[in-house]
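Protein chains: 2
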Amino acid sequence: MKTLKVIKIGGNIIDNEAALSSFIKDFSTIEGPKVLVHGGGKLATKLANQMNVPVKMTEGRRITDAATLDIITMVYAGKINKNIVAQLEARQCNAIGFSGADGNTIISEKRPIKTIDYGFVGDVKKVNTATLEVLLNNNITPVFCAITHDENGQLLNTNADTIASELAIGLTSIFKTELYYCFEKNGVLENVENDDSVIENINTESYKTLKENNIIFEGMLPKLDNCFHAINKNVQKVCIGKSKMLFDANNKHTTITK
Amino acid sequence: MKTLKVIKIGGNIIDNEAALSSFIKDFSTIEGPKVLVHGGGKLATKLANQMNVPVKMTEGRRITDAATLDIITMVYAGKINKNIVAQLEARQCNAIGFSGADGNTIISEKRPIKTIDYGFVGDVKKVNTATLEVLLNNNITPVFCAITHDENGQLLNTNADTIASELAIGLTSIFKTELYYCFEKNGVLENVENDDSVIENINTESYKTLKENNIIFEGMLPKLDNCFHAINKNVQKVCIGKSKMLFDANNKHTTITK
Numbered sequence: 001m002k003t004l005k006v007i008k009i010g011g012n013i014i015d016n017e018a019a020l021s022s023f024i025k026d027f028s029t030i031e032g033p034k035v036l037v038h039g040g041g042k043l044a045t046k047l048a049n050q051m052n053v054p055v056k057m058t059e060g061r062r063i064t065d066a067a068t069l070d071i072i073t074m075v076y077a078g079k080i081n082k083n084i085v086a087q088l089e090a091r092q093c094n095a096i097g098f099s100g101a102d103g104n105t106i107i108s109e110k111r112p113i114k115t116i117d118y119g120f121v122g123d124v125k126k127v128n129t130a131t132l133e134v135l136l137n138n139n140i141t142p143v144f145c146a147i148t149h150d151e152n153g154q155l156l157n158t159n160a161d162t163i164a165s166e167l168a169i170g171l172t173s174i175f176k177t178e179l180y181y182c183f184e185k186n187g188v189l190e191n192v193e194n195d196d197s198v199i200e201n202i203n204t205e206s207y208k209t210l211k212e213n214n215i216i217f218e219g220m221l222p223k224l225d226n227c228f229h230a231i232n233k234n235v236q237k238v239c240i241g242k243s244k245m246l247f248d249a250n251n252k253h254t255t256i257t258k
Numbered sequence: 001m002k003t004l005k006v007i008k009i010g011g012n013i014i015d016n017e018a019a020l021s022s023f024i025k026d027f028s029t030i031e032g033p034k035v036l037v038h039g040g041g042k043l044a045t046k047l048a049n050q051m052n053v054p055v056k057m058t059e060g061r062r063i064t065d066a067a068t069l070d071i072i073t074m075v076y077a078g079k080i081n082k083n084i085v086a087q088l089e090a091r092q093c094n095a096i097g098f099s100g101a102d103g104n105t106i107i108s109e110k111r112p113i114k115t116i117d118y119g120f121v122g123d124v125k126k127v128n129t130a131t132l133e134v135l136l137n138n139n140i141t142p143v144f145c146a147i148t149h150d151e152n153g154q155l156l157n158t159n160a161d162t163i164a165s166e167l168a169i170g171l172t173s174i175f176k177t178e179l180y181y182c183f184e185k186n187g188v189l190e191n192v193e194n195d196d197s198v199i200e201n202i203n204t205e206s207y208k209t210l211k212e213n214n215i216i217f218e219g220m221l222p223k224l225d226n227c228f229h230a231i232n233k234n235v236q237k238v239c240i241g242k243s244k245m246l247f248d249a250n251n252k253h254t255t256i257t258k
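Chains as they are written, first to last, in the UniProt record's numbering: chain F, 1 to 258; chain B, 1 to 258.
The reader is advised that the hints may include incorrect statements.
It does not matter which identical chain is used: a pair holds within one copy or between any two.
No more than 30 Å apart at the CA atoms, straight line, and that leaves these computed lysine-lysine pairs for DSS-like [as the list claims (entries may be wrong)]:
{"id": "1", "residue 1": "K237", "residue 2": "K46"}
{"id": "2", "residue 1": "K46", "residue 2": "K211"}
{"id": "3", "residue 1": "K252", "residue 2": "K110"}
{"id": "4", "residue 1": "K25", "residue 2": "K110"}
{"id": "5", "residue 1": "K211", "residue 2": "K185"}
{"id": "6", "residue 1": "K208", "residue 2": "K2"}
{"id": "7", "residue 1": "K56", "residue 2": "K42"}
{"id": "8", "residue 1": "K56", "residue 2": "K252"}
{"id": "9", "residue 1": "K110", "residue 2": "K2"}
{"id": "10", "residue 1": "K176", "residue 2": "K114"}
{"id": "11", "residue 1": "K46", "residue 2": "K252"}
{"id": "12", "residue 1": "K46", "residue 2": "K56"}
{"id": "13", "residue 1": "K25", "residue 2": "K125"}
{"id": "14", "residue 1": "K46", "residue 2": "K110"}
{"id": "15", "residue 1": "K46", "residue 2": "K208"}
{"id": "16", "residue 1": "K46", "residue 2": "K2"}
{"id": "17", "residue 1": "K5", "residue 2": "K56"}
{"id": "18", "residue 1": "K242", "residue 2": "K176"}
{"id": "19", "residue 1": "K56", "residue 2": "K237"}
{"id": "20", "residue 1": "K25", "residue 2": "K208"}
{"id": "21", "residue 1": "K2", "residue 2": "K237"}
{"id": "22", "residue 1": "K5", "residue 2": "K114"}
{"id": "23", "residue 1": "K125", "residue 2": "K2"}
{"id": "24", "residue 1": "K258", "residue 2": "K42"}
Rather than coming from a laboratory, the hints here were simulated on the basis of the structure.
Note that the coordinates shown come from a computational prediction; the quantities given were computed from them, not determined experimentally.
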């Protein structure tokens, strides 16, 4: 089995033209099959403000009414996705932009209303790998934005970290998969103020302790839950850190193990 | 060689939710390989107005500055394209949305400035069919929006009629191709006021006469030039009319012949 890398980039790279261009230059040199997943929340918020569409967030998640769904579809699948694809092509990395609707690759269901109505937000139900397998075997790199569909014609806003972990899990049927979350810090930090305080390894046991001691909290929890979900579902390697970790093994980062 | 249909739909279908839904239902029943190409100019103009970005048109073409390019990328490749793909998937038609950047399928060059600076508008230079061939042979329907790229990372706004004709021409290397332009009228009309006055056949000779007599003018000319370009480059069949012509051979329409 070949090794496939699923790499997720967030706002710190997407929102900065020079950082994105530099990342794409590096990414295009990665050998072997790879999948790129991108967010884009800040640009969506910017467009919503320009269009006077109210932005409502709950616990870091965007409440997605119909107008907001249009905005994120335009920003994620349109502006960000196509610009990344065009830049990859300019670096001779043959890429195709995807939402989960394209090729019916990621099916989700609208999140049921419990205490909060998230609107058009999807929880991933299934990843179909047949189309991705054809592309990856033809040396084409899928570039995923954070949108899925329900198979009934409805697009759904879906967390990009979750999309990355679900793709990494789904593709284990065809590849040995590795999952990399690239963000603005060197990894999970012992002290959020100190970028050198990277916790280099977190396993199920130490994660529990880190949570109990409030060393890991808030925004990191869903990301780490995605990491453990992946590592427990046959993903071979899960790492969190700056994108440098992909190209320089000595660059400190956090590795998640069982 | 199999027959492939390239079908272009315009604003009359895209801007009307019921018409689009009905078209997609019919389209998904078409057997054999097919490619869908869509415009979306009216929705782009609407978003530009909402965002206070001035809309400048010259001879029916959109002057495309950087802000306008962002808008059309968001509307065409995002909102319209992904909603069409999701609806096709709901009808069991496996589809993937494309700009010309995706899979490096359509390469264009920024239109040189002669008397008018069109901005980020592209003239098609080349269609790469390798990726499309893989998809079409795997029963996947490419859905193209009217955006191409220059292979140097720049997206370019490109006329959807032209994209349809260039795809139909490019794919003649693999398929017998047919090109269908669907719009709000029954075909090219002898009298624009009378939808029954369809000119059922136009050839190079009669086109000349129709132009000289001012029966065909203005907006129809670029569409017909695309038709003749296609029919002269090995496209087997070129038709203009309502989308009904695809499903009902008795529905009057215009056929272009050499």
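Hints, verified against the model:
no.	hint	result
1	K237 <-> K46	neither (35 Å within a copy, 46 Å between copies)
2	K46 <-> K211	neither (33 Å within a copy, 49 Å between copies)
3	K252 <-> K110	neither (38 Å within a copy, 43 Å between copies)
4	K25 <-> K110	between (36 Å within a copy, 23 Å between copies)
5	K211 <-> K185	within (19 Å within a copy, 65 Å between copies)
6	K208 <-> K2	neither (33 Å within a copy, 59 Å between copies)
7	K56 <-> K42	both (13 Å within a copy, 29 Å between copies)
8	K56 <-> K252	neither (35 Å within a copy, 51 Å between copies)
9	K110 <-> K2	neither (34 Å within a copy, 40 Å between copies)
10	K176 <-> K114	neither (37 Å within a copy, 54 Å between copies)
11	K46 <-> K252	neither (33 Å within a copy, 48 Å between copies)
12	K46 <-> K56	both (13 Å within a copy, 24 Å between copies)
13	K25 <-> K125	between (33 Å within a copy, 25 Å between copies)
14	K46 <-> K110	both (25 Å within a copy, 29 Å between copies)
15	K46 <-> K208	neither (37 Å within a copy, 51 Å between copies)
16	K46 <-> K2	neither (40 Å within a copy, 47 Å between copies)
17	K5 <-> K56	neither (33 Å within a copy, 44 Å between copies)
18	K242 <-> K176	within (22 Å within a copy, 50 Å between copies)
19	K56 <-> K237	neither (35 Å within a copy, 51 Å between copies)
20	K25 <-> K208	neither (38 Å within a copy, 51 Å between copies)
21	K2 <-> K237	within (14 Å within a copy, 44 Å between copies)
22	K5 <-> K114	neither (35 Å within a copy, 47 Å between copies)
23	K125 <-> K2	within (25 Å within a copy, 36 Å between copies)
24	K258 <-> K42	neither (33 Å within a copy, 53 Å between copies)
The structure shown violates the earlier hints numbered 1, 2, 3, 6, 8, 9, 10, 11, 15, 16, 17, 19, 20, 22 and 24.
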